Amino acid sequence: MELGETPEPTRDQVLHVLSDLAAGRLTAVEASDWAARWIGSDVEVEDELVFDAIQHLYGADMPVAPGKFLYGPRDFRAWLADFEAQLKP
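Position one of the sequence shown corresponds to residue 1 (the working numbering), numbered consecutively onward.
Among the hints, a few may not be true.
[What the hints assert, rightly or not] Here are the simulated SDA-like cross-link-like pairs (lysine to any residue), alpha carbons at most 20 Å apart as the crow flies:
1. Lys68 / Gly40
2. Lys88 / Ser19
3. Lys88 / Gln13
4. Lys68 / Tyr58
5. Lys88 / Glu48
6. Lys88 / Val50
7. Lys88 / Thr10
8. Lys88 / Phe51
9. Lys68 / Gln13
10. Lys88 / Arg77
11. Lys88 / Asp52
12. Lys88 / Arg11
13. Lys68 / Ser41
14. Lys68 / Asp33
15. Lys88 / Ala78
[To be verified] Derived CB-CB ranges, DEER-like:
16. Arg74 / His16: 19 to 29 Å
17. Arg11 / Pro66: 32 to 42 Å
18. Glu44 / Ala65: 28 to 38 Å
19. Thr27 / Leu87: 16 to 26 Å
20. Lys88 / Gly67: 35 to 45 Å
21. Gly67 / Asp42: 33 to 43 Å
22. Pro89 / Gly67: 41 to 51 Å
Keep in mind the hints are simulated off the structure, nothing from the lab.
Computed from a predicted structure; not experimentally measured.
Note that the Cβ used here is the ideal one computed from N, Cα and C, for glycine as well.
Please work from the sequences and hints to get the whole structure.
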């Protein structure tokens with residue numbers, strides 16, 4: 001790993017961010033900013049579950065009109081539930 005390179009996110013990290021977003025402890029902008037470091041970076045996210053969640057989180061603050069967003073709390077809770085369900089063996 002190069003100096004300053006961000007390592008691949010773990011399932012635990014993604015779960016933490018999704019949980020905080022769904023509970024309102026993180027804003028959609030904060031969650032998107034967190035995920036942005038892996039979108040278009042040189043770090044390859046090999047875990048498909050993590051990669052899919054990163055893509056959702058990156059789009060969490062997608063606007064559809066001034067002051068209106070495509071996704072909201074219900075979506076964030078669904079993303080969390082889906083992620084947790086896929087974690088179970």
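Self-check item: Distance restraint hint 35 to 45 Å, applied to the beta-carbon atoms of Lys88 and Gly67
Solution: holds, 38 Å
Exercise. Take the C-alpha atoms of Lys88 and Phe51, compute the straight-line distance between them, and say whether it is at most 20 Å.
Key: Roughly 17 Å separates the two Cα atoms, so the pair holds.
Quiz item: Lys68 and Gln13: Cα distance at most 20 Å?
Solution: The given pair, whose Cα atoms are some 28 Å apart, is violated under the 20 Å limit.
Quiz item: Is the hinted pair Lys88 and Glu48 satisfied, with a Cα-Cα distance of at most 20 Å?
Solution: holds, 15 Å
Quiz item: Is it true that the C-beta distance of Arg74 to His16 lies inside 19 to 29 Å, as the hint says?
Solution: holds, 20 Å
Exercise. Could you grab the alpha-carbon distance between Lys88 and Thr10 and see if it respects the 20 Å cut-off?
Key: Distance ~16 Å between Lys88 and Thr10 Cα, so the pair holds.
Quiz prompt | Range agreement (Cβ of Gly67 with Cβ of Pro89, hint 41 to 51 Å) | solution = With a Cβ separation near 42 Å, Pro89 and Gly67 satisfy 41 to 51 Å, so the hint holds.
Quiz item: Between Glu44 and Ala65, does the beta-carbon spacing fit 28 to 38 Å?
Solution: Holds, at about 35 Å.
Quiz item: Within 20 Å, alpha carbon to alpha carbon, are Lys88 and Gln13?
Solution: Since the Cα atoms of Lys88 and Gln13 sit roughly 16 Å apart, the hinted pair holds (cutoff 20 Å).
Practice problem: With a cut-off of 20 Å on the C-alpha distance, tell me whether Lys88 and Ser19 pass. | Solution: Judged against 20 Å, a Cα distance of about 16 Å means the pair holds.
Quiz item: Falls inside 33 to 43 Å, the C-beta gap from Gly67 to Asp42?
Solution: At roughly 35 Å between Cβ atoms, Asp42 and Gly67 fall inside 33 to 43 Å, so the hint holds.
Quiz item: Can the restraint linking Lys88 and Val50 be considered satisfied, given a maximum Cα separation of 20 Å?
Solution: holds, 14 Å
Hints 1, 9 and 13, counting from the list given before, are not met by this structure.
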